[in-house]
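Here is how the chains run, residue by residue.
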Amino acid sequence: MAIWVFAEEIDGAPTPGSLELVSKANSMGDTAVFYVGAGSPEAFAVLGAHGAGTVYHLDTGDVLPAAPAARALGELLEGSDTKLVLFGMGNTDRDVAGRLSARLGAPVVANGLDVSLQDTVTVTSEILGGSLSVTTQVVLDGPALVITRPKVFVSEDTGGGSPEVHTVALPDTGRSGGATITERHVEASEGPDLEAAQIVVSGGRGLGAPDKFAMLDELAGLLGGAVGGTRAVVDAGWVPYSYQIGQTGKTVKPSVYIAAGISGAMQHIVGMKGSSTIIAINKDPDAPIFALADLGVVGDLHKVVPQLIEALKSRS
Amino acid sequence: MNIAVCVKQIPDPATPYELDGENHWVVRPNDQVLDDTDRVGVEVGLQLAEATEGTVTLFSMSPSGSLQGIRQALAMGADKAVLVDDEDLKGSDALTTARILSAAVQREGFDLVITGTESTDGYSGVVPQMMSELLDVPCLSFARGFSVADDTVTIERQTASGYETVTSPLPAVVAVTAGAVEPRYPTFKGIMQAKSKPVDTATAADLGVEPVVTQAVIAVEPVASRAAGELVEDDGEAYLKIVELLEEVKVI
Numbered sequence: 493m494a495i496w497v498f499a500e501e502i503d504g505a506p507t508p509g510s511l512e513l514v515s516k517a518n519s520m521g522d523t524a525v526f527y528v529g530a531g532s533p534e535a536f537a538v539l540g541a542h543g544a545g546t547v548y549h550l551d552t553g554d555v556l557p558a559a560p561a562a563r564a565l566g567e568l569l570e571g572s573d574t575k576l577v578l579f580g581m582g583n584t585d586r587d588v589a590g591r592l593s594a595r596l597g598a599p600v601v602a603n604g605l606d607v608s609l610q611d612t613v614t615v616t617s618e619i620l621g622g623s624l625s626v627t628t629q630v631v632l633d634g635p636a637l638v639i640t641r642p643k644v645f646v647s648e649d650t651g652g653g654s655p656e657v658h659t660v661a662l663p664d665t666g667r668s669g670g671a672t673i674t675e676r677h678v679e680a681s682e683g684p685d686l687e688a689a690q691i692v693v694s695g696g697r698g699l700g701a702p703d704k705f706a707m708l709d710e711l712a713g714l715l716g717g718a719v720g721g722t723r724a725v726v727d728a729g730w731v732p733y734s735y736q737i738g739q740t741g742k743t744v745k746p747s748v749y750i751a752a753g754i755s756g757a758m759q760h761i762v763g764m765k766g767s768s769t770i771i772a773i774n775k776d777p778d779a780p781i782f783a784l785a786d787l788g789v790v791g792d793l794h795k796v797v798p799q800l801i802e803a804l805k806s807r808s
Numbered sequence: 621m622n623i624a625v626c627v628k629q630i631p632d633p634a635t636p637y638e639l640d641g642e643n644h645w646v647v648r649p650n651d652q653v654l655d656d657t658d659r660v661g662v663e664v665g666l667q668l669a670e671a672t673e674g675t676v677t678l679f680s681m682s683p684s685g686s687l688q689g690i691r692q693a694l695a696m697g698a699d700k701a702v703l704v705d706d707e708d709l710k711g712s713d714a715l716t717t718a719r720i721l722s723a724a725v726q727r728e729g730f731d732l733v734i735t736g737t738e739s740t741d742g743y744s745g746v747v748p749q750m751m752s753e754l755l756d757v758p759c760l761s762f763a764r765g766f767s768v769a770d771d772t773v774t775i776e777r778q779t780a781s782g783y784e785t786v787t788s789p790l791p792a793v794v795a796v797t798a799g800a801v802e803p804r805y806p807t808f809k810g811i812m813q814a815k816s817k818p819v820d821t822a823t824a825a826d827l828g829v830e831p832v833v834t835q836a837v838i839a840v841e842p843v844a845s846r847a848a849g850e851l852v853e854d855d856g857e858a859y860l861k862i863v864e865l866l867e868e869v870k871v872i
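Chain order of the listed sequences is A and B.
Using the working numbering, read the first sequence as starting at 493 and increasing by one per residue.
Using the working numbering, read the second sequence as starting at 621 and increasing by one per residue.
What the hints contain is simulated information worked out from the structure, not anything from laboratory work.
Glycine residues also receive a C-beta, built at the ideal position from the N, C-alpha and C atoms.
A couple of the hints might just be wrong.
To be verified - If you anchor each label on the Cβ, the simulated ranges turn out as follows:
hint, chain 1, residue 1, chain 2, residue 2, range
1, B, Gly856, A, Ser532, 56 to 62 Å
2, B, Pro683, A, Gly666, 34 to 40 Å
3, B, Glu707, A, Gly666, 34 to 40 Å
4, B, Asp651, A, Ser623, 20 to 26 Å
5, A, Glu648, B, Ser845, 29 to 35 Å
6, A, Thr612, B, Gln813, 47 to 53 Å
7, A, Ser608, B, Glu707, 29 to 35 Å
8, A, Lys643, B, Leu639, 24 to 30 Å
9, A, Ser519, B, Arg804, 49 to 55 Å
10, B, Thr807, A, Gly766, 43 to 49 Å
Working from the sequences, and respecting the hints, build out all of it.
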């Protein structure tokens, strides 16, 4: 009875989140990976090195992946006694998990922070913005689809050999599969990768205007860090979605997180509360972000941040 | 065009949420508000309806209560609402929610279903995708921009590194992000009209859906919060405190 993992390709390789899931599955039992992307011997080897014994590879080309991926994965699961399928928080992960759940009548447990499999699947997660930890037990037979948050499992190359690779034919999904991707756009951010950066400087609505992000770019540059933002500033179009930290967005766990003009909405906090040291600057003394800040400065970020930049410059 | 917009009434996020002691479900007060992110879906629906001389029907599964949240969406301009209110649906998981909403939408007929990306109180973020499978249509999710022309819907779909342009024939489900459009505020006239707009109610049995219990919460405990740090008022030199802390944790 294998544990299944949904994995997606980005830039020719499995996403980092996919590899975290493969490592977790490998620690629990035999691991089968359903891999969506162009695929390559190198990509399959990386999956194998992390513990995948079998890889089912589907290339959806320009078709929006969810409908054909859910159909093909559903057919594979129907012939198995699998109890657990792991998904990440990626947009396609969530699309496939939702469709697959409806196809199979299988439950979805979302926002998982840990998962275990004995006779049944048990998931721990945090609700209400991370204020309560709940343990959920699946009480239905058949596969449970568990969506877990990024960076809760550690991706580990355990030196596994080449997996057995099966190519899955693109299924005809009729009306459901009618969506196609006509263009792909990259909105690259400069500097280090946000998810890997040891220092993150993040901005919210309190910045007041999109051009104020230049100040955060400069601060991050001086610290060798990356710049992020809240959902509010992404929705306002101030910075691209690739900057977004939170529930729908990236999860970061840097050594230092500097929050400038961020009030601390629940959905933002879940994406950054694992940071080692949190520094917050906000003019509202009641801002929820101060409840988790190691150092909170109640003040005008338009004064404090430039002063900080000058102080750092004078040291170098 | 027949536009279905799925919305949720939730307890006011500005008030602390409570769980009931027995099942650990969120306690839902009589006055629930419209989930703020749903205002975006309603706005998208209204703009499309205005462009196509269509109608906007709201679909929601919730204890009716005072209908405050539904009236908020009707006040923006939606034409009518279908509310599924059934004691047996308390504590429903995402799949039961999707089955209920899909059956209700199917019964009314639709060209386009618009939803948010995830609710503010539960945030599983999979109901739109489940609905699309049940309705056998494409799901254009994480849409930050959209347009409809000649029975085709085109969106900008957020991706980890940017966005994709995705196009699909109608009917379809479109799940929008909060940045898709700027929602309008209800006018006084809209608020008055909302009071007399039709709100149909239905039960799970009316829709032919049998709720299935798939999961149970077996334990709940508070998460240890981070130790409270230092809070300083900026006296013009608070930046020095930041420099000190950065030195202490050895990043400078």
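Going through the hints against the structure:
1. B/Gly856 with A/Ser532: 56 to 62 Å: Because 57 Å falls inside the window, the suggested range holds.
2. B/Pro683 with A/Gly666: 34 to 40 Å: holds, 37 Å
3. B/Glu707 with A/Gly666: 34 to 40 Å: holds, 37 Å
4. B/Asp651 with A/Ser623: 20 to 26 Å: holds, 22 Å
5. A/Glu648 with B/Ser845: 29 to 35 Å: holds, 30 Å
6. A/Thr612 with B/Gln813: 47 to 53 Å: holds, 51 Å
7. A/Ser608 with B/Glu707: 29 to 35 Å: Holds, at about 33 Å.
8. A/Lys643 with B/Leu639: 24 to 30 Å: Check passed, 27 Å falls within 24 to 30 Å.
9. A/Ser519 with B/Arg804: 49 to 55 Å: Holds: the Cβ-Cβ distance is about 51 Å, inside 49 to 55 Å.
10. B/Thr807 with A/Gly766: 43 to 49 Å: Roughly 44 Å apart at Cβ, these two residues keep to the hinted range, so it holds.
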